[in-house]
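**Q** In case you want the letters, here they are:
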Amino acid sequence: MIIDSMLPALVYILIFPGFLFLAAYGLFLQWVDRKLGAVMQNRVGPPWYQPAADFIKLLAKEVIVPDACDTVMFKVLPYFALAAVVTAVLPLPVWTDAVYSFQGDLVVVIYLLTIPTVTFFLAGWSAVSPYAVIGSMRVLTQLFAYEVPMMLSLIGPAILAGTWNINEIAGFFAAHKALMAAQIPALFVALIALQGKLERVPFDIPHAKNEIVGGQFTEYSGRLLGFFYLAVDMEMVVGAALVNAVFLGGTLGASGAAGLAVFLAKTLAIVFLLTLVKVLMGRVRIDQMIRFCWQVLAPLSMAQILFDIFLKFRLQ
Amino acid sequence: MSKITIPLGPQHPALKEPVNFTLVLEGEQISGSAVNLGYNHRGIEKAAEDRTFLQDIYLIERVCGICSHSHTTCYITCVEELAKAEVPERAKAIRTLVGELERVHSHLLWLGIAGYEMGFETLFMYTWRDREQVLDCLELVSGNRVHYGINTIGGVRRDITPGQKAEILKRVAILEERTKYYVKLGTEEATVLARTRNVGLLPHDVALERGAVGPTARASAVKRDVRKDEPYLIYDKLDFNLITHNTNDVFGRLVVRVLELVESYKIIRQVLDYLPEGPIAVKVPAKIAPGEAVNRYEAPRGEDFHYLKSNGTDKPERVKVRAPTMANYPSVSYMLDGGYLADVPMVIAAIDPCMSCTDRAMVYDNKAGKVRVYGWDELRKYGIEHYKKRGVDFTKL
Amino acid sequence: MQKPARALFEVLGHLFKKKATSNYPFEKAVVDARFRGRIAFESDTCIGCKMCVRVCPAKAIEIILSAEQPPAPAPAADGTAPVPVKKKFDCIMSLDRCIYCSQCVDVCPKKSLISTQDFELAHTDRKTLKRHYK
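One line per chain: the protein sequences are A, B and C, in this order.
Residues 0 to 315 (numbering that gives the first Met the number 0) make up the first sequence, in order.
Residues 0 to 396 (numbering that gives the first Met the number 0) make up the second sequence, in order.
Residues 0 to 133 (numbering that gives the first Met the number 0) make up the third sequence, in order.
Only chain A is shown next, with the shape it has when bound in the complex:
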């Protein structure tokens, strides 16, 4: 009896849409990102198996733990990051409706996605090297810059749909496709903030290699580094899936294989946009980023919320 109810849960968490799917698709998206970026820069780019090869290579390498650091924290943190990301995918619609859906799961997903960032901070902080410490301070500073605009941008669609359930928001937009167009400013804010969450150009400040070498991951090596990188790749899938569910109507009402195809196509499109942003810009300074996030992104998403409230009254 217990096994009967446990088995699907384990499949969901470990295989689909959990760990295995996320890892495979995350590595694939990393390749898509690198390949697209390379083509845009007139280069050839890596072969399709490169991200997997990098990951396997890191698994095989020696793990060096610095003497001065907090050994337990140092070793445990990558797994925390991975677990948080895997959990965050469960309330998101991937092929049909989400596997675990409840009122308020939007907030839960946002908080689960914050956990990897906090582990990055702790990883750098526990490693004591000056580069890692500066990197982790930057992680935290950056978190305060993009987190608020990101949350505000997600609130708009939720207000319009009148629910805090991601599945219902996706269903709402799948039913009212015209309203999707009204969410473009919030979508823009969410994509830029996602770029900050994933620590990619122009917001790759925490691990800007020309300034502080490896940033928060400077002292990490081998398996532990590999899992951190994997967590970042999986975060990209979850982030793209979240944007897809909240702004673009999830699977658009399709289910099964068709739903999965819609999901893959739309996340690929989102990754294309993220790559474009990465290729088009240089890295900004941390003070410039904070100013941009609070002076441009946050007011923009506030305006979107007001507009959505207004729109909701008009529709009623």
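For the record, the hints were derived by calculation from the structure and aren't laboratory data.
Where hints are given, some of them may not hold.
[Said to hold, decoys possible] One-sided excerpt, in silico: chain B residues whose CB lies under 7 Å from chain C: (1) Tyr57; (2) Glu138; (3) Leu139; (4) Asn143; (5) Gly148; (6) Leu184; (7) Glu187; (8) Glu188; (9) Leu192.
Yeah, the Cβ is synthetic: ideal placement off N, Cα and C, and Gly gets one too.
Here the structure of chain A is known, so what remains is to put chains B and C in place on it, guided by the hints.
**A** Okay, now just chains B and C, sitting in the frame of chain A:
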């Protein structure tokens, strides 16, 4: 907030060559910095003393890979002055041509590095792709992409054929079009402006006081260019502008370098147009008349300075090189102070540092994070004390 | 005039352009005819003047008498002294020392040293870098 001291280099992703900057940070802001040179000291000047004048060309060429032609031309002009050799006009024109091609390749390289340091990898990839054009030109003219080896005492080693002339003009046309695009990209792209404007400020009077050279000085509105001040080779016959900018920051240095590229294309066209007929080299005896010579040359990074002393044999008695990067270091520590950690790579890259050029001197600092600059007398005393401790006493000699 | 994403059209245009990367080890790189590569040696014309040895900045060249010399000419039938045969010389070129400046090629009076376009000279065995031209 407590202070953190972080080392930048000698091994660091932002630096292509070994040099150490010790930065004292308060949060993200820099409250103190020290430059520590000497990681790339190879004893080239000493080595030059037991090679012949001809062999020294190839040694001096290896002072630096990027401005190899600048160093050899500067050195060889000293040799020719002592030997009283009349260099043919055609050889001078070819030297000028290679010099300007070298400036183009060095400035394009810098633009790519600047893009890389600000995390704008697309700019890096594009400029380095286009740099291939000028490297191909150099291979065409001289037979090699980096160490051209085109200079020889009394002239140049290789002539330019009409076919090569056409090929160079074709490639320069491509480059000019691309450079115009980079001028637009560099002056309009928001992130580039955000990372370069008001970064690494070097006011006009500080630039003069600290003896900045090259594009670093010209971006602080210092009208200083050896090509104009004291024309060498055939620069007095050429029509080009001295580019300056008055923003005093990294943005100004970027603009100066990119506009100098356009001027270089102009010069290359004029030189190829001018190219007089005649021999490309004269014979110079292996033994050079005794005497001293000093020469200046406008390398891509600024004023290059060579001193040569001959004692009448076929080997020089003393060769001294003062590379432009050395002249720009005092400005770097001024520019770093009070800035952000994030801007450090940009500021350092903005003088286009070349450690292998520079590492012939030592700057001493002590462990406490304070810099101690030794005066000549102190340095002399320090040296005597140091050797006394090791049991060598020079005072008795 | 700030323009965010100024390179947008340039970047999108590159999606449809030919890539600039040269697939080097799999595609042969073409160098110019003037390229200064490995120095080749012609024993037949060498007169052993050792100008190249004297001029080499890297001390990479050694010119030695060959182990096998052409047989001494038979005395002429009419009793006059025989015309001496040109001695044969070998060249030992240390490719690990050579800086490929081609100064030896310029200085050789008999054009016995030739600059080739051969540049793929890297090797894991140091001994193979010492080429003995006969």
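**Q** Does Tyr57 of chain B pass the interface hint, meaning its C-beta sits closer than 7 Å to a C-beta of chain C?
**A** holds (4 Å)
**Q** Less than 7 Å between beta-carbons is the criterion; does Glu187 of chain B satisfy it with respect to chain C?
**A** Because about 5 Å separates Glu187 of chain B from the closest Cβ in chain C, which is inside the 7 Å limit, the hint holds.
**Q** Report holds or violated for the interface hint on Gly148 of chain B, using the least CB-CB distance to chain C and a cut-off of 7 Å.
**A** At about 5 Å, which falls below the 7 Å cut-off, the nearest Cβ of chain C leaves the hint on Gly148 of chain B intact, so it holds.
**Q** With a cut-off of 7 Å, does the beta carbon of Leu192 of chain B approach a beta carbon of chain C closely enough for the hint to hold?
**A** holds (6 Å)
**Q** Hey, does the Glu188 of chain B contact hint survive, CB to chain C under 7 Å?
**A** holds (4 Å)
**Q** Under 7 Å, Cβ to Cβ, is where Leu139 of chain B needs to be relative to chain C, so tell me if that hint holds or is violated.
**A** With a minimum Cβ separation of about 6 Å from chain C (threshold 7 Å), the hint on Leu139 of chain B holds.
**Q** Against chain C, with CB atoms and a cut of 7 Å, does the hint on Leu184 of chain B hold up?
**A** Since the shortest Cβ distance to chain C is 6 Å, the answer is holds.
**Q** Taking the least C-beta to C-beta distance, is Glu138 of chain B closer than 7 Å to chain C?
**A** With a minimum Cβ separation of about 5 Å from chain C (threshold 7 Å), the hint on Glu138 of chain B holds.
**Q** Does the CB of Asn143 of chain B sit less than 7 Å away from some CB of chain C?
**A** Holds. Min distance 6 Å.
Violation of the numbered hints given earlier is absent; every hint is satisfied by the structure.
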